[in-house]
Amino acid sequence: MIVRDLYKSYRKHQVLKGVSLGLDPGRITAVLGPNGSGKTTLIKCMLGMVIGQQGEISANGKNIGHDYLYRKDIGYLPQIARFPENLKVRELVSMVKDLRNQPANYEELVSRFGLGPFMQKPLRNLSGGTRQKVNILLAFMFDSRYYILDEPTAGLDPLSLQRFKEMLLNEKQKGKAVLMTTHMVHLAEEMADEVVFLLEGKVYFHGGVQELKDTYDGMNLEAAIANILSLQEHA
Amino acid sequence: MLKVLKYSFYDLSRSRWTYAYLLFFLLLTFGLLNFSHDLSKTIISLMNVVLILTPLIGTLFGALYYYNSKEFIDLLLALPLPRRSIFLGKYLGLSLSLSASFVIGILAPMLLFGILSTGLVLNLVILMSTGVLLTFIFTAIAFLVSIRFEHPIRGFGAAIFIWLFLAVIYDGILLLILIWFEHYPLDHFALLMTLFNPVDLSRVLIMLQLDISALMGYTGAVFRKFLGTSLGMSIAYATLLTWIIVPVFAFLWLARRKDF
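Quick mapping for you: the protein sequence lines, in order, are chains A and B. With the first letter of the first sequence counted as 1, position 116 gets the number 103 in the working numbering; the numbers rise by one all the way through. Just remember that the working numbering sits 1 ahead of the position in the second sequence, which is counted from 1.
Hints may contain errors.
Here are the simulated lysine-lysine pairs, DSBU-like style, with alpha carbons at most 30 Å apart [stated by the list, open to error]:
no., chain 1, residue 1, chain 2, residue 2
1, B, Lys4, A, Lys75
2, B, Lys259, A, Lys84
3, A, Lys59, B, Lys7
Simulated from the structure, these hints should not be mistaken for lab results.
The whole structure should be built from the sequences, with the hints applied where relevant.
Set out below in structure tokens:
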């Protein structure tokens, strides 16, 4: 999946100013950046929920345009888990499965994240962390080629976070391409093969984790990023 | 699209509003029949309720349902479904559910009071078909307005204004024009203006069928001459269908370009 020179503005507000990146099989790309740098907009463009003004997004070598079938290959985890509130978790899962019309394997995920006791509960009664687990379940229950994750770890407890990381590495080994946005720098440092740092709608840095550290002579990634941000503020 | 429709319909079939709407028509029709014991008069009384209420409920529920389904729509947009299917499915789900409540609510008591053994079946069919058409028209208008306005309050305001305009204000303006220009022959103008308002057109269609068009005087005769023919009737129904198709295409057009 390739994004090339993408521009998007909402009325006068220019959110993305020529963003390019690519997703490769077996690699995890982390998109970092302060609030309002365009991370979520970028992801929504890749899913066709937001329509870019300029530039090109292609999946499996085809421009996505107004196409929708390419979304069969994407497991998407939205940032804010908003569900039809009166459905039970089990109903939601089987509905999404039916709508996607693809084989789904969720029993393993349900036990991995301890969702068993919640399956019969309506979504409005779930806590924030449990909702996030349901969100993860919906994104990963299909055998997708790409995973696009917007803040996947928000609200997870340490144990679930650990299990999430294991699962992600597992998927990576299976040759899946992963794109995730995060504010947790050490997560990116630990998991990602590549880091894209977005700043005010532009790619400020794109490269390996080690490269970014080297640029800032051996600082850890968190310090390197704090450094970039404070430089930006003073500028 | 059928799957989206199925889940929307399923969702609505668990909503208490659907049942409140059904119960309202059941009680109303049953009550009217019980008091008057006259199927023909009951149909006339129902006409006035249907002409005001089906557009109003279509408008209100249309906007309410759209804004309430935002989460569901967001979920659907990330799935491998075309936007057209998502929005058409939602629209048909709501329109069909409202129409079902309306039709069952009127039909059940009518059958109980033996409508089939009278010559009034066609009258009832005309009443119910215009009610269903009005439901589809105003739900489409409400969807169009809701998709246009991000903010629910503005959306509701605009949708209710359109209902008020077509159900009430339009008639007032038409009446004023007719009074101001009473020395001119206006019957063709009145006929034309009626075609541009689905509520008025439905009213005329029902009145002609019920044979109370004499109440409309000379203009009534012109209407009768035009709409009484099968060509006129076809034009009237085609116009009502256009009132569905145009807003539906407009909201699908907007949905295709919208950022979510």
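Hint check results:
A threshold of 30 Å between alpha carbons decides the hint, and for Lys4(B) with Lys75(A) the separation of about 18 Å falls inside it, so the pair holds. Between Lys259(B) and Lys84(A) the alpha-carbon distance is near 26 Å, which keeps this suggested pair within the 30 Å criterion. For the given pair, Lys59(A) sits about 21 Å from Lys7(B) by alpha-carbon distance, which is consistent with the 30 Å threshold.
The earlier numbered hints are all upheld by this structure, with none contradicted.
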